[in-house]
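Residue numbers (numbering that gives the first Met the number 0), protein chains in the order written: chain A, 0 to 149; chain B, 0 to 149; chain C, 0 to 80; chain D, 0 to 80.
Mixed in with the good hints, there may be bad ones.
Straight-line distance between alpha carbons at most 25 angstroms, and here's what the computed PhoX-like set of lysine-lysine pairs gives [what the hints assert, rightly or not]:
no. : chain 1 : residue 1 : chain 2 : residue 2
1   : B       : K144      : D       : K8
2   : A       : K144      : A       : K61
3   : C       : K8        : C       : K32
4   : C       : K31       : C       : K8
5   : D       : K32       : D       : K8
6   : D       : K8        : D       : K31
7   : B       : K61       : B       : K144
8   : B       : K144      : A       : K144
9   : A       : K144      : C       : K8
Selected chain A positions facing chain B (Cβ under 7 angstroms, derived; list incomplete) [said to hold, decoys possible]:
no. : residue
10  : G36
11  : P40
12  : K61
13  : N62
14  : F105
15  : D109
Here are a few chain B residues that sit away from chain A, every Cβ distance over 10 angstroms (derived from the structure) [to be verified]:
no. : residue
16  : I5
17  : V32
18  : T35
19  : N43
20  : S50
21  : W71
22  : V82
23  : M85
24  : M112
25  : R127
26  : A138
27  : R148
Quick caveat, the hints were computed from the structure, so don't treat them as lab data. Predicted model only: the values in this text are computed from it and were never measured. Built from N, CA and C at the ideal position, the CB exists for glycine as well.
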Amino acid sequence: MECFSITVSDSPFEPERAHADFRAAALGAGAIVAFTGLVRPDENVSSLTLSHYEGFTQSQIKNISEQARARWELSGLCIIHRVGNMVVGEPIVFVASASAHRRDAFEAADFVMDYLKSEAPFWKSETRGDMAHWVEPSARDIDDKNRWRS
Amino acid sequence: MECFSITVSDSPFEPERAHADFRAAALGAGAIVAFTGLVRPDENVSSLTLSHYEGFTQSQIKNISEQARARWELSGLCIIHRVGNMVVGEPIVFVASASAHRRDAFEAADFVMDYLKSEAPFWKSETRGDMAHWVEPSARDIDDKNRWRS
Amino acid sequence: MATILFFGKLSDVSGALTVDLPQDVRSGAALKKWLGGRDAALQAALEQAGVSMAVNQQMALGDVAISNDDEIAFMSALSGG
Amino acid sequence: MATILFFGKLSDVSGALTVDLPQDVRSGAALKKWLGGRDAALQAALEQAGVSMAVNQQMALGDVAISNDDEIAFMSALSGG
Numbered sequence: 000m001e002c003f004s005i006t007v008s009d010s011p012f013e014p015e016r017a018h019a020d021f022r023a024a025a026l027g028a029g030a031i032v033a034f035t036g037l038v039r040p041d042e043n044v045s046s047l048t049l050s051h052y053e054g055f056t057q058s059q060i061k062n063i064s065e066q067a068r069a070r071w072e073l074s075g076l077c078i079i080h081r082v083g084n085m086v087v088g089e090p091i092v093f094v095a096s097a098s099a100h101r102r103d104a105f106e107a108a109d110f111v112m113d114y115l116k117s118e119a120p121f122w123k124s125e126t127r128g129d130m131a132h133w134v135e136p137s138a139r140d141i142d143d144k145n146r147w148r149s
Numbered sequence: 000m001e002c003f004s005i006t007v008s009d010s011p012f013e014p015e016r017a018h019a020d021f022r023a024a025a026l027g028a029g030a031i032v033a034f035t036g037l038v039r040p041d042e043n044v045s046s047l048t049l050s051h052y053e054g055f056t057q058s059q060i061k062n063i064s065e066q067a068r069a070r071w072e073l074s075g076l077c078i079i080h081r082v083g084n085m086v087v088g089e090p091i092v093f094v095a096s097a098s099a100h101r102r103d104a105f106e107a108a109d110f111v112m113d114y115l116k117s118e119a120p121f122w123k124s125e126t127r128g129d130m131a132h133w134v135e136p137s138a139r140d141i142d143d144k145n146r147w148r149s
Numbered sequence: 000m001a002t003i004l005f006f007g008k009l010s011d012v013s014g015a016l017t018v019d020l021p022q023d024v025r026s027g028a029a030l031k032k033w034l035g036g037r038d039a040a041l042q043a044a045l046e047q048a049g050v051s052m053a054v055n056q057q058m059a060l061g062d063v064a065i066s067n068d069d070e071i072a073f074m075s076a077l078s079g080g
Numbered sequence: 000m001a002t003i004l005f006f007g008k009l010s011d012v013s014g015a016l017t018v019d020l021p022q023d024v025r026s027g028a029a030l031k032k033w034l035g036g037r038d039a040a041l042q043a044a045l046e047q048a049g050v051s052m053a054v055n056q057q058m059a060l061g062d063v064a065i066s067n068d069d070e071i072a073f074m075s076a077l078s079g080g
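In isolation and in its complexed conformation, chain A is listed as follows (with noise of 0.2 angstroms):
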């Protein structure tokens, strides 16, 4: 059975709800990866906001799903993309890829984490103090991502 989804939401979701929902429908995979980023505690950042464009953005990451699922032999790829307002520790994101083989799917999360990170449409906004500013990715994830190019 294949399982292929992405969902923004400004919702908290729980990560354990997700996997456990993927690897029901993703039933007879032998690997499973699943990457969960969360909120880390900053003391200099007292609120995190991600704005993203309705449709647009999802309408991208399908891209970045549809390129993983050409790549490598996926039965299943969940993303899940929180938006809105965060405090520490609540999951932002969440990535899981089934496969019949392992490389496979470490690879596929690995790679639609680092696109989503550089390149799926979203703003970052962080309040430091009393002034909100907006954040772009760092160097380090656009190296990651660069790491893919063929």
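Chains B, C and D: place on chain A using the hints.
Same frame as chain A, but now just chains B, C and D:
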């Protein structure tokens, strides 16, 4: 908070339960990568049994865990391995790594899995028809492990 | 009427607009120039590095044709997820 | 008495043994030879590729010293997890 654990058990386990416990313990990490290995359906295999050498197997896995901790910046590494008789779809192995950095979490989980699949002291027996036979690591597993030689 | 959306840093400078495009504003580049002419702060923001454009939710370049039926988005440099 | 354990394919040939080691069996290699001399099937199995040895749960080579207090394990080629 740091969380490093190794479990080898003949009791079934829930990857999602392990993930929830790990996420709670690794509070403060920005990235969690979790690998789950499941018994794949194979119409020719009626039964799969994994043996280990109690104590020795755990200490060999501990070596691998310590190598990963030395190589990557991790705030947690959880390794669970099933032994005994297993049925299709059951989780065999769960490896979760937590880090401030996505890349460290991905590479550490990938590394640990490659070692578990090729060098950990487990002996796998499959029953095909009436015949039980011992399985050796695949050439693919050995190639995967060799990627980490520096 | 065309819908003009702004994302990221640009959304601090302008909210969404619903506008009747002048006859001579029929490309992405012409729209950018026209919007900048109405608002100096927006002009400066639109000229920052990393600003991209989408027309009807498709990535577009300056020569893209636009009309009053379109949804045009100007997006500041992406943050990533 | 020394405890001798067998894992993997080797465990099909012999169960665990508790033995009083002869005076001249004081290395891993000597033990392997001695066990093989008692049982031709075990001798063949111990000579297969990939067989490794541990003494008191530490990986060991043939020249490792052993005594009657030790736990010695012979392990067939590993399957991996």
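* Was N43 of chain B rightly flagged as not at the interface, with every chain A Cβ beyond 10 angstroms? -> holds (15 angstroms)
* Given as non-interface: V32 of chain B, partner chain A, CB spacing beyond 10 angstroms -> violated (5 angstroms)
* Asked: Holds or violated: is the Cβ of N62 of chain A closer than 7 angstroms to a Cβ in chain B?
  -> Hint violated; N62 of chain A Cβ to chain B Cβ min 21 angstroms, cut 7 angstroms.
* **chain A versus V82 of chain B - minimum CB to CB distance exceeding 10 angstroms, so not interface** => holds (18 angstroms)
* Restraint outcome when G36 of chain A is required to lie within 7 angstroms of chain B by C-beta distance -> holds (6 angstroms)
* Determine whether the non-interface label on T35 of chain B survives the test: each CB of chain A must be over 10 angstroms from its CB. => violated (4 angstroms)
* Quick one, is the P40 of chain A hint okay against chain B at 7 angstroms, beta carbons? -> For P40 of chain A, the interface hint holds, since the closest Cβ of chain B sits about 6 angstroms away, which is under 7 angstroms.
* chain A versus R148 of chain B - minimum CB to CB distance exceeding 10 angstroms, so not interface -> Given that every Cβ of chain A is farther than 10 angstroms from that of R148 of chain B, nearest at about 17 angstroms, it holds.
* Asked: Given the hint that K31 of chain C pairs with K8 of chain C, does the C-alpha gap stay at or below 25 angstroms?
  -> holds (16 angstroms)
* Asked: Is the hinted pair K8 of chain D and K31 of chain D satisfied, with a Cα-Cα distance of at most 25 angstroms?
  -> holds (16 angstroms)
* Are the Cα atoms of K144 of chain B and K8 of chain D separated by 25 angstroms or less? -> Measuring from Cα to Cα gives roughly 23 angstroms; hence the hint holds.
* Grab the minimum beta-carbon distance between A138 of chain B and chain A and tell me whether it stays above 10 angstroms. => holds (13 angstroms)
Hint check: violations occur at hints 12, 13, 17, 18 and 24; the rest are consistent with the structure.
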